[in-house]
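One line per chain: the protein sequences are A and B, in this order.
Residue numbers for the first sequence follow my numbering, so the first one is 1 and each next one is one higher.
Residue numbers for the second sequence follow my numbering, so the first one is 1001 and each next one is one higher.
What the hints contain is simulated information worked out from the structure, not anything from laboratory work.
Glycine included, every Cβ here is placed at the ideal spot set by N, Cα and C.
It is possible that part of the hints are untrue.
[Claimed, not checked] Take a look, some chain B residues computed to stay more than 10 Å from chain A by CB distance:
1) E1057
2) A1062
3) G1091
4) K1162
5) K1207
6) R1213
7) I1215
8) T1217
9) A1232
10) A1235
11) Q1279
[To be verified] In the DSSO-like style, the derived pairs of lysine-lysine whose C-alpha atoms are separated by at most 27 Å in a straight line are:
12) B:K1282 x B:K1236
13) B:K1332 x A:K212
14) B:K1129 x B:K1249
15) A:K202 x A:K172
16) A:K98 x B:K1332
17) B:K1355 x A:K215
18) B:K1355 x B:K1249
19) B:K1044 x A:K212
20) A:K98 x B:K1129
[Unchecked claim] Chain B is nowhere near these chain A residues, computed Cβ spacing over 10 Å in every case:
21) Q54
22) A80
23) A87
24) R94
25) G152
26) S158
27) M166
28) L171
29) R198
30) F208
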Amino acid sequence: MAEAIVNTELIQPENLVYKRTELLTPNALSYCPGCGHGTAHRIIMEVIEEMGIQSETIGIAPVGCSVLAYDFMNIDMQQAAHGRAPALATAAKRLNPKKYVFTYQGDGDLAAIGTAETIHACNRGENIVIIFINNGIYGMTGGQMAPTTLPGMKSSTSPYGRDVAMMGNPLKITELVAQLPGTLYVTRQAVHTPVAVRKAKKAVRKAFENTKLNKGLSFIEIVSNCNSGWKMTPRKANDWMVENMFPFYPLGDIKVNE
Amino acid sequence: MKELRLMKGNEAFAEAAIRAGADGYFGYPITPQSEVMEYLMAEKPHERTGMIVLQAESEVAAINMVYGGAATGKRVMTSSSSPGISLKQEGISYLCGAELPCLIMNAVRGGPGLGTIQPSQSDYFQSTKGGGHGDYRLLVLAPASVQEMADFARLGFDLAFKYRNPVLVLSDGAIGQMMEKVYLDPQRPRFTDEEIKQNTPWATTGKTPDRERNIITSLALESAKMEQHNIALQAKYRQMEEEEVRYEKIGCDDAEYAFVAYGTSSRICQKAIQLAREQGIKVGLMRPITLFPFPKKIIAQMTSRVKGILVVEMSAGQMVEDVRLAVEGRVKVEHFGRFGGIIPSPVEVVEALKKQIIGG
Chain A
1 MAEAIVNTEL IQPENLVYKR TELLTPNALS YCPGCGHGTA HRIIMEVIEE MGIQSETIGI
61 APVGCSVLAY DFMNIDMQQA AHGRAPALAT AAKRLNPKKY VFTYQGDGDL AAIGTAETIH
121 ACNRGENIVI IFINNGIYGM TGGQMAPTTL PGMKSSTSPY GRDVAMMGNP LKITELVAQL
181 PGTLYVTRQA VHTPVAVRKA KKAVRKAFEN TKLNKGLSFI EIVSNCNSGW KMTPRKANDW
241 MVENMFPFYP LGDIKVNE
Chain B
1001 MKELRLMKGN EAFAEAAIRA GADGYFGYPI TPQSEVMEYL MAEKPHERTG MIVLQAESEV
1061 AAINMVYGGA ATGKRVMTSS SSPGISLKQE GISYLCGAEL PCLIMNAVRG GPGLGTIQPS
1121 QSDYFQSTKG GGHGDYRLLV LAPASVQEMA DFARLGFDLA FKYRNPVLVL SDGAIGQMME
1181 KVYLDPQRPR FTDEEIKQNT PWATTGKTPD RERNIITSLA LESAKMEQHN IALQAKYRQM
1241 EEEEVRYEKI GCDDAEYAFV AYGTSSRICQ KAIQLAREQG IKVGLMRPIT LFPFPKKIIA
1301 QMTSRVKGIL VVEMSAGQMV EDVRLAVEGR VKVEHFGRFG GIIPSPVEVV EALKKQIIGG
């Protein structure tokens, strides 16, 4: 077995160009290698650190792969019942109007079981941030069909591909919430390349800044991969996402109110 | 100085909650308890005390708003009636698992299903045995008057925070809708954010440098941890059984027979006692006020004096099971009930006593 080569001379304070934000705990991520969750966690925590609002922020974790987000995010967090994060966030924010409150939810959580909570929190214009990770599949339970699974896409409960006639259409919930008067900012981003990460981080920053405006809800979809659930290598999963997910879920701002 | 008012039970509950320093109410309309939210909206508690009132999109959302608010250390509440309370069961299980304090009121109506809007007591099992999943208990207070609707709003909040556990006020359509005089406590101030940080150091109030982050969750993937969590929960429920049993005895000193009844049924039994005693039948009433913890020791002690017990419930027989467990066969225990929204008359109750206990 080859020894790992570590050039200790290079690891010096003056050479430091990047480090993990203190708002991520040292716990090893429970996500599969190649998954976008880790990057999404990082940019949110970096924004909270840069804004200096750690003591003013309450995060809400969903049910799904990111159920354990509180193991990694070094902020006060609540873990919600499946789909109910926007309801928790509604009360947490209304009862603590000076706090920054955000939810972090997957597609099954936000766009299937929690559709009512999502739409009504958006429509009431709660002054919260919703981060929506859309990878088109139920990751944690082992790759079942999600509300956002593409037509023809295989999953463990659509093993021959999603048959729209039988299983219904994928739900573009982000376009849907953009129609509602209560949303202030609705955007779709990704975290698969450095450029995409920088854009996504800008969007997260804007969303948290919006909380201060008290004018409505900010909704950020991050189209992401699930290499384990899609049964692909991480590289192949990202390529597949670009070729198949992005045409159906195009990136960019959908609604920007001031 | 207490204030005397004439109010509906639902209104008294709402007014008393404001005066108990509640921070938030989250509800969804359902008969026969919609007066709670209607009263709160009309009262503008945000102007009176800063209390938030929000009509949610569903009972499911409402109970999860309660979870989100309770997790920040606030005094939060919801109310509903039977079908709506069924919808809240998932949230209630999570609240118990995450050990969050809150106040819940159920103005019970007849079931199953959509049932009827008339009063019933058919949610006893759901309330006292755990209506959602997992091994948990609610602390259950059963008011028998408009006065107790008011008193239990405040007591409920205090017990919820003492135990970090939801408290259920198990009312019914009759108690909620009827008007009686009620003495209301003076306004108790809401806790300030600083007081909340002191009182509830576990709450998600924002991580400050002087402490680790606070996490509110009911999840423990490692079964060894989950077992320890369950053991701690059970210890809390045993403490409730030691410290929180509440009951009332009426006419039991010379009684040869006893009614056991709570809520509306106990009011009917009080009249039945009068009627029975006019006929020379010495009967008393044991009224459990806490349904969990259940006053089982007191009921067991009664068996050395009384020859038989009639459990009167507006259900097909639910609390009677707990009475039988307490009595352990020492004396005869029978159930008399009307259900589906029918309230028994005192005459019916006396006839049932004569037929099922004295003559049976």
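So, going through the hints one by one against the coordinates:
1. E1057: 4 Å, violated
2. A1062: 8 Å, violated
3. G1091: 6 Å, violated
4. K1162: At about 21 Å from chain A, B:K1162 clears the 10 Å cut-off, so the statement holds.
5. K1207: 5 Å, violated
6. R1213: 5 Å, violated
7. I1215: 5 Å, violated
8. T1217: 4 Å, violated
9. A1232: Correct as stated: the minimum Cβ-Cβ distance to chain A is 18 Å, above 10 Å.
10. A1235: Check passes; 23 Å lies beyond 10 Å.
11. Q1279: 54 Å, holds
12. B:K1282 x B:K1236: Given pair B:K1282, B:K1236 is violated - Cα atoms ~39 Å apart, limit 27 Å.
13. B:K1332 x A:K212: 67 Å, violated
14. B:K1129 x B:K1249: Cα-Cα ~24 Å, so holds.
15. A:K202 x A:K172: 23 Å, holds
16. A:K98 x B:K1332: The given pair, whose Cα atoms are some 61 Å apart, is violated under the 27 Å limit.
17. B:K1355 x A:K215: Status violated; Cα separation ~68 Å.
18. B:K1355 x B:K1249: Answer holds: B:K1355 to B:K1249 is near 23 Å, not above 27 Å.
19. B:K1044 x A:K212: 25 Å, holds
20. A:K98 x B:K1129: 39 Å, violated
21. Q54: 6 Å, violated
22. A80: Nearest chain B Cβ is 7 Å from A:A80, so the label is violated.
23. A87: Since the minimum Cβ distance to chain B is about 4 Å, A:A87 lies within 10 Å and the statement is violated.
24. R94: At roughly 5 Å from the nearest Cβ of chain B, A:R94 sits no farther out than 10 Å, so the non-interface label is violated.
25. G152: The claim stands: A:G152 keeps its Cβ more than 10 Å from every Cβ of chain B (closest is about 33 Å).
26. S158: At roughly 27 Å from the nearest Cβ of chain B, A:S158 sits farther out than 10 Å, so the non-interface label holds.
27. M166: 28 Å, holds
28. L171: Since the minimum Cβ distance to chain B is about 18 Å, A:L171 lies beyond 10 Å and the statement holds.
29. R198: It holds; A:R198 is separated from chain B by about 27 Å at its closest Cβ, greater than 10 Å.
30. F208: 14 Å, holds
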